[in-house]
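Given the coordinates of chain A, assemble chains B and C onto it according to the supplied hints.
Note that the protein sequences, when read in sequence, are chains A, B and C.
Every letter in the first sequence is one number past the one before it in the working numbering, and letter 373, counting from 1, is 373.
Every letter in the second sequence is one number past the one before it in the working numbering, and letter 170, counting from 1, is 170.
Every letter in the third sequence is one number past the one before it in the working numbering, and letter 292, counting from 1, is 292.
Quick caveat, the hints were computed from the structure, so don't treat them as lab data.
Note that the structure is predicted; figures quoted are calculated from it, not measured.
From the three backbone atoms N, C-alpha and C, an ideal C-beta is built for every residue, glycine too.
Incorrect hints may have been included.
Stated by the list, open to error - Reference listing, derived: stretches of chain A covered by chain C, where coverage requires no fewer than 3 residues with Cβ under 8 Å from a Cβ of chain C:
1. 145-153
2. 190-197
3. 285-293
4. 300-308
5. 460-472
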Amino acid sequence: MKRLLAILLASVMVMSLLAGCGGNPSSGGQTEAAKTEENKTEPGQTEAANTEAAAQESTEAAKPAPSADDDGLIRVWVGEESTEFYQKACDTYLADHPDFGYQIEVKGMDTGSVAQTITNDPTAAADIYTVAHDNIGKLAATNCAKPITDEALVAQVTADNPESFQNVINSTLKDKVYLYGVPYISQALFLYYNKSLVTEEQAKTFEGLQEAAKAAGTKAITVTGDDGFNMSFALLARKVSDKSTTVKIYEGAESVSGGSKGVSNCQGDDTVAIVRWLQEYAADPNGFKWASSDGWEADLNKENKGALAVIGGAWHYNSAKAALGETNLGITLIPTFKLTESSVEGLSSVKAGDEYRGGTFADCKCFMINATSAASKYKKEQELIMYLSSKEVQNQSYLEVMNVPAYVGAADYIKSCYDEGKVSESEYMLAASQVSMAEWGIPQPFITGTLNTYYYSKNAPAVFRAMIDKTAYPTTGDKILEETESLESIRKGLYLIEYLWMHGQAPSEFPGTLPSEA
Amino acid sequence: MSTTKKKKVRSQSRARKVSLGATYTVLIVLGIIWLVPLIWIVLSAFRCEYHEDGTFIGTVSSNFFPRQIGFKNFKDLFTESYYGVPYAFPKWMLNTLIIAVIDCVISTFLVLSVAYCMSKLKFKLRKTFMNVTMILGLFPGFMSMIAIYFLLKSIGLTGNPQHPEYSVIGLVLAYSAGAGLGFQIAKGFFDVIPNALVESAKLDGCTNFKIFRRIILPLAKPIIIYQALMSFTGPWMDFIFAKVIIGADNARYWTVSVGLYSMLFGTHPDTNLFTQFAAGCVIVAIPIVTLFMFLQQYYVEGVTAGAVKG
Amino acid sequence: MASKKKAAPKDKANRVSVFERIGKAFSDFGKRFVDGSLGTKLSHFIFGAGNIYHKQYIKGLLFFLLQAGILVLMIACPTINGTPYGWKALRNLSLSQEKGYVSEGGDFDPETGDFTVGSDCKLIILFGFVTIAMIIIYFLIWNMNIKSSVKADNDKKIGKKPATFREDLAELLDGKFHVLMLTPTCIAAAVFTILPTVFMIALAFTSYNSQDMNDLGTNLFRWNGLQNFRAVFTGEGSLGFEIKNRFLPVLGWTFIWAILATFTCYFGGIILALLINKKGLRGKKIFRTVFIFTIAVPQFISLLAVRNLLGEYGPFNQMLKNMGVITESVGFLGLRPGDSEILAKVMVIIVNMWVGIPYTMLMTSGILMNIPTDLYEAARVDGASTVKMFFKITLPYVIFITTPYLISSFVGNINSFNTIFLLTGGGPTYTGYQAGGTDLLVTWLYKVTIDQGSYNTGAVIGIFTFIITATITLVTYRRSKAYNEEDTFQ
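With the rest of the complex left out, here is chain A (with noise of 0.2 Å):
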């Protein structure tokens, strides 16, 4: 009664199966060799590629998996706000260099989420991609991504960028140290304003903040997310004399999973009194206040009376744009807060008055490449990079699409940019402003061979958001942190941000004693 049934099912899975062969990528030499030769790739090349196709056909799992065939097109995945100002710059590439041998197709994608994409399928995503620095160990420990070896390449990475960006782009492999990520676009936090209701004096200061907040009945200051890159604002904040802070993330650390703990710290008097000072100045009605749910451009909004400012980046320059209106537009530093009395109460090594500037990660965007892109690819692929990330390039992108370039150097630049009317004030500012901050930040942890445990939270900045709204706090099944107000428990906030940094967990106890001093 089924026979017929099962024929059919049968027939249809060994078809379809058959079909998947068919389908597969790395069969299809005809349909290849017909694009690779409309592509003006020269005869020998195609077929070299198509016989490393048929011989890595026959590889078996056991054996290494063999990386996609060549379709004779490069695809890069770059920031959506910029796909179009890329794929011109690839045209206007291809167009000087005709031999190039390939297609580029460029493709927008989320920043946010495009590590994730690429892990959940790295076969499916483009072979350069581009992402912010801290997600290379991720990506570079999951084989998603290929080393990048190309000498002249390695040398004007060496040569164009600072060394805070040069300790966080290599990654290990096979016990070998490689550059995986070459910079293109640095990020920092700072100041979004509105100028009608916040003076330029005012914005310096978060106290000055709090004054035009309470005179226009709003919320002084808000922040684009609640993730570790937007708290970094207060706990990297530094004193502004010497620039000083006694937060140490991951020098000295060298593996997260072994647990080796290396000499960070954030517990230091500095930092709890700045906690404690967030904690005050958020219960103000007219102080810090999270994003809301509408969106922080909501927030923005003059009529709905949200908040005066945002501490952003770059990539929010058009939503702030937006939200404010042009001429209301106002960029400058992070501002400085001096610390209170009461914030400073039983510390010995910080006094009231002290004055601290809001802190940032200085972060790097990369270009990478694909570990599962075609080998013969591989070259290519590196040439592209080292024009896509070259000076000039990176010029034109903060010309065009306000990418803020990453090299050394790059504030003379922007700087003749403003001198030659080429931008407007407000692009001005933003890069200058991000620039100075680079100078108050460090790119965030990023430690060999394993991810960023900072960003991809583990609930570090879940413990920081309840420290600031000073409500509880659980972990592992006890209630670790009851309450999040007292000096004891706010030590004991930050042991836990620090031990989850560097073990990826939450401790099972906390010691008898917590150190004081940094």
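Below, chains B and C alone, put in the same frame as chain A:
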């Protein structure tokens, strides 16, 4: 005697009038509550407010009625580029339309054929089939998303860099493949068709196929329309599955709900697009609501059949 | 066609009876082999031989092609995305790194750019299952082909001509019409529902957890038995404490939600239907249309509209502020951590009524009109009040008819993803946990798998959700009249 009776009648009719009045009031109030959110979305779609310097305000706004109205949101949808894709919104609409039409045809066919078998044919595994279907329906759907993605991928129908457009076929497959398992409502409808009709036709020597085509299908018009309506509207509402199958990088091939959802809830969401989002919603809702209103009677029949047969 | 006696109890799943039939086929093996004709004997080894022996060439050829196709696949092991099908897929299913069935990859040649990415464990499991499915199909076909041959033998014995291919096809349109009609759905369900479900269940027994794997810097995972289930009680592992502490609250709320959401919409709908269908009320059609509107508008639009309407800067908060009821925006939907959980829960139920009541209203309208009017008249003569009539006549009648709907809508509400996901996103969140105050099992599952990439934990939650819904459905549904009298319609 007669006056008291009259009085009673009068008081009764007054009571009825009062209760009718109360019903009107309640219904009108409820009607307003029911419509307010929808009206608000429509108003937001036409909201066209500007800062003093002429910058457009696109965020959520706390005033219910817009200060200025205009068509800018609609115009932008059809001229701007989203996710690096120029004219993305019309493309999304077209994709969704194509997917919805194909899905509609395949799904309706599958549902009808399964429902007919379950209702009017007798065979050995009938009850088993029904139980298995019920159990399968209880597994949370999107857990199977990842497996479906990789199955489709292994036959090149998604995540295929050379042919991103194949993902659309994959999505149609994924949508319509499970449709046959949702036969319960149509079965409830078929159950009501008297068996005598089928049996007399059998005595006349009709094959099962003929009975299905000549007798059942003509009677099944309401349920066909109901099923078609349901499967047609499905793809306009799904914003999770479609993005996984089509791919985050294939913005050109997204469906309209994925596109609209991404406008508001990217990882770096741009809520300045709220009014444009609202305009998109209005454009999506218009054809679907129109369809619904025209086919209301069939929808009600389907829903009622579903109620009785679960 | 298979075994005459019912081997498996009715309610057992298809798969079980398939296995048992294979067992039966083995026991009949000897008998059939000895008694059969040469063709039947041959078809034990070469599919379709019996049919060809009986001159049923096309059928025989089809059988043979299927056998050849599956055998070729099993032996040749075609590789897709670096993962093989066939016998290698079965071997690799062990995910053994020691034996070299899976490899870490990472071999790199800086000169050529050759990079080995290593094995993809999820694909290995998936393809392994596909291969197992193919083996099952192989034996089903094997059995069918022998039976087909035996049937032809028997036909010959009684002097009947074995059915031609054309006759077989004609039979498909009549006696075996259900085979023709159900095949597409069976194939689709096997590939797109059963296989993925089995795959999902299998993940619950692995260490497939992106967070852990990232920490370890590996892209491989392995089988780890019941460890993930143990974690629910011990709280070990990266999400263990989350499950241990949040499972019961989320489960409890899922139940409360399902009960409240089902009954508020149900009774609300009946009352609304009564109001609209009130005698003497004019404009019934207009009122109905107004309420149908919310059904017609795609859910993600109407729910997001409500979400923004009730949001921090939405008009509703503004209205309350203008009226002086509140000074600070209220987080009705728990979108900020620290918002009231109770309020959020109440709000989602209210909003769900907004979504669900029109649906029940439509459904019950027809039923209400079918209630025999003499019932009411008799009651009216007895002097029953309207309220009493509602509880004594209307409600019992409607409930009696719509019990199956109530059950399916209860199960539907347990898995009501859209409402919670779009309205509250599961908020208010609890610092340190994924599962927020209004998260249902199903939205929690989404966060754990899609957001966190902890597929093993997600699968465990999924299995628990399934056990709960399946129990409820089976217990209530199998007792209901509609199920037991399902056949009487025939």
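Here is how each hint holds up against the structure:
1. 145-153: holds (count 3)
2. 190-197: This one is violated; 0 residues, fewer than the three required, reach chain C with a Cβ under 8 Å.
3. 285-293: Our answer is that it holds, as 3 residues pass the Cβ test (under 8 Å) against chain C, meeting three.
4. 300-308: Since three or more residues must qualify, the claim that chain C covers the segment 300-308 of chain A holds, with 3 doing so at under 8 Å.
5. 460-472: holds (count 7)
Consistency with the previously given hints fails for number 2 only.
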